[in-house]
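**Q** Residue numbers (the numbering used here), protein chains in the order written: chain L, 1 to 203; chain W, 1 to 203; chain A, 1 to 203.
These aren't lab readings, by the way, just hints derived from the structure by calculation.
There may be inaccurate statements among the hints.
Which copy is meant is left open, because identical chains are indistinguishable; a pair holds if it fits in one copy or across any two.
[Said to hold, decoys possible] Listed below are the simulated BS3-like cross-link pairs for lysine-lysine, each with C-alpha atoms no more than 27 Å apart in a straight line:
id	residue 1	residue 2
1	K30	K109
2	K195	K29
3	K195	K149
4	K195	K30
5	K109	K195
6	K150	K29
7	K109	K149
8	K109	K29
The lines below spell out each chain.
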Amino acid sequence: MSNEIFAQLIEGLGTFAFAISGVRLAASKKYDIFGALIVGFATAVGGGTLRDLLLGAPVFWLVAPRYLILTFVAMLFYIFFRRSVVRWGEAIMLFDTLGLAFFNMTGIKVALGLEASMFAAIIMGTITGTAGGVIRDVLIQEPPLIFQKKEIYAVACLLGGAVYAIGFYAQVNDILLQVVTISVVVAVRILSRMKNLTLPYAG
Amino acid sequence: MSNEIFAQLIEGLGTFAFAISGVRLAASKKYDIFGALIVGFATAVGGGTLRDLLLGAPVFWLVAPRYLILTFVAMLFYIFFRRSVVRWGEAIMLFDTLGLAFFNMTGIKVALGLEASMFAAIIMGTITGTAGGVIRDVLIQEPPLIFQKKEIYAVACLLGGAVYAIGFYAQVNDILLQVVTISVVVAVRILSRMKNLTLPYAG
Amino acid sequence: MSNEIFAQLIEGLGTFAFAISGVRLAASKKYDIFGALIVGFATAVGGGTLRDLLLGAPVFWLVAPRYLILTFVAMLFYIFFRRSVVRWGEAIMLFDTLGLAFFNMTGIKVALGLEASMFAAIIMGTITGTAGGVIRDVLIQEPPLIFQKKEIYAVACLLGGAVYAIGFYAQVNDILLQVVTISVVVAVRILSRMKNLTLPYAG
Numbered sequence: 001m002s003n004e005i006f007a008q009l010i011e012g013l014g015t016f017a018f019a020i021s022g023v024r025l026a027a028s029k030k031y032d033i034f035g036a037l038i039v040g041f042a043t044a045v046g047g048g049t050l051r052d053l054l055l056g057a058p059v060f061w062l063v064a065p066r067y068l069i070l071t072f073v074a075m076l077f078y079i080f081f082r083r084s085v086v087r088w089g090e091a092i093m094l095f096d097t098l099g100l101a102f103f104n105m106t107g108i109k110v111a112l113g114l115e116a117s118m119f120a121a122i123i124m125g126t127i128t129g130t131a132g133g134v135i136r137d138v139l140i141q142e143p144p145l146i147f148q149k150k151e152i153y154a155v156a157c158l159l160g161g162a163v164y165a166i167g168f169y170a171q172v173n174d175i176l177l178q179v180v181t182i183s184v185v186v187a188v189r190i191l192s193r194m195k196n197l198t199l200p201y202a203g
Numbered sequence: 001m002s003n004e005i006f007a008q009l010i011e012g013l014g015t016f017a018f019a020i021s022g023v024r025l026a027a028s029k030k031y032d033i034f035g036a037l038i039v040g041f042a043t044a045v046g047g048g049t050l051r052d053l054l055l056g057a058p059v060f061w062l063v064a065p066r067y068l069i070l071t072f073v074a075m076l077f078y079i080f081f082r083r084s085v086v087r088w089g090e091a092i093m094l095f096d097t098l099g100l101a102f103f104n105m106t107g108i109k110v111a112l113g114l115e116a117s118m119f120a121a122i123i124m125g126t127i128t129g130t131a132g133g134v135i136r137d138v139l140i141q142e143p144p145l146i147f148q149k150k151e152i153y154a155v156a157c158l159l160g161g162a163v164y165a166i167g168f169y170a171q172v173n174d175i176l177l178q179v180v181t182i183s184v185v186v187a188v189r190i191l192s193r194m195k196n197l198t199l200p201y202a203g
Numbered sequence: 001m002s003n004e005i006f007a008q009l010i011e012g013l014g015t016f017a018f019a020i021s022g023v024r025l026a027a028s029k030k031y032d033i034f035g036a037l038i039v040g041f042a043t044a045v046g047g048g049t050l051r052d053l054l055l056g057a058p059v060f061w062l063v064a065p066r067y068l069i070l071t072f073v074a075m076l077f078y079i080f081f082r083r084s085v086v087r088w089g090e091a092i093m094l095f096d097t098l099g100l101a102f103f104n105m106t107g108i109k110v111a112l113g114l115e116a117s118m119f120a121a122i123i124m125g126t127i128t129g130t131a132g133g134v135i136r137d138v139l140i141q142e143p144p145l146i147f148q149k150k151e152i153y154a155v156a157c158l159l160g161g162a163v164y165a166i167g168f169y170a171q172v173n174d175i176l177l178q179v180v181t182i183s184v185v186v187a188v189r190i191l192s193r194m195k196n197l198t199l200p201y202a203g
């Protein structure tokens, strides 16, 4: 399996996991299937969309219908297998973590490809990974999950971004550096979950 | 009356109806007149604004003060005639339906004019017709109406978009096709309302 | 002290005051320090970001890390001195008013610099001054403060914009005109607060 195909597979699984989280929360609010589809789609593509708008780049999903199709499949999957979804909670958490790590990496690369500064690139990585979840929570009228003292999430992206920046200036091989960056995000989130680490309250 | 003037009249009535719905809900939340004006304006132009941002096009209302002026007139109208507004509920519903259908058509045409794919154009039509209402509901802190099992709304736009796409590839005369597309959206919404058709819950 | 340095100082204090208001409200919602940082940042840069997106201009804070750094300092300041923050309420209100007035002026100048119409420039000034607070309130799930019958806020920007427009067409010296515009916004807000002036309800 080539690197390219591997990357697309991870991205697809991440999109699917993000879409499922949107569909699931929309369903819990008694939204109809159209509402669930839109909330799922906004969760899956919202981060990348905000990144593209802020960078002035073409919005990625307008030229690639697969994101909307994947969201539609995620919704059908949720509707038909929702008891299983509850049971498969840990698998979905893993996809979500992979999606977060991959989206973060994509955001950093897209920003650097547009000649943004490393500062902007790290922020764009974190936005790509996390803004979809914030938009989801605004659409279902709940206080955004990632702003609450529940788990380390956005900070995992920022740490991954910091590692990428150090490796970039140390001229580490880029493929290796991407693998390390993705691994850092995954490791930080999984370890913090296992150890119940959270950020302190703001006041 | 020429086609151009007819189109502008419909667009104006749609803008007015969308603005009224924003002003009315803002007033029900005890917002002041400035708040009502902004919520009305966001309802009226929010869908087209999101479309323009996603397509990277100039934002339409910045070069055309008439949208803000129409919103202002809608607010004055609401303040002075609000008892009538309640009585004229069905007339406003009709304007709202015409606005939805016209905005959907405008969104499709704007996207195709910028060489977007037909897939993107259909989505842009639906966004132009419906995103203003979602922004309105976020600003008044209510779960978005169109995500709920109440009536067929966004799906009417998608059906209209599908009809437009079929006619487009079958090389139907464009003026005729636009009239048919607008009629489909209007018919789907009115029929679904008369028959109390709704989408099923997501879960 | 040169004009340039004075302008940057006012902008810095305004950013700081806006960031503090976001951090403070996020803390009151039991958000963690990351959540408070993001809400503070969105409050401080949200208005200018929306302006840049609507105008199709490069987003200002991507090329200037100082806004994020200032927000971070504001958060630390809040965490360590929050009892004082309560006591210094009036000083923060003053910074907030200066920030509002300065952001309004910046928005007008940025829009005119991009050859927007005077109409669009006045709107962009008001958006630059006020949209950050609306985004803050959406993120903490509260009805936006500026839409409520509490104080004259956005209208102060609009009045400042009207004064700027009149002076612009009367060919008043631009530095003088900017000082007058900023003073009008500050004066309208402070006087309306002292006199408890508010806008009427919408219905």
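**Q** Now tell me, hint by hint, if it's right for this structure.
**A** Do the hints match the structure? See the list:
1. K30 <-> K109: neither (38 Å within a copy, 34 Å between copies)
2. K195 <-> K29: between (31 Å within a copy, 25 Å between copies)
3. K195 <-> K149: within (14 Å within a copy, 41 Å between copies)
4. K195 <-> K30: The answer is between: 21 Å across copies meets 27 Å, while 34 Å in one copy does not.
5. K109 <-> K195: Answer is neither; intra-copy 31 Å and inter-copy 51 Å both fail.
6. K150 <-> K29: Classified as both; 21 Å inside a copy, 14 Å across copies.
7. K109 <-> K149: This pair counts as neither: shortest intra-copy Cα distance 29 Å, inter-copy 40 Å.
8. K109 <-> K29: The answer is neither: 36 Å in one copy and 34 Å across copies each exceed 27 Å.
The structure is inconsistent with the numbered hints 1, 5, 7 and 8, although it conforms to all the rest.
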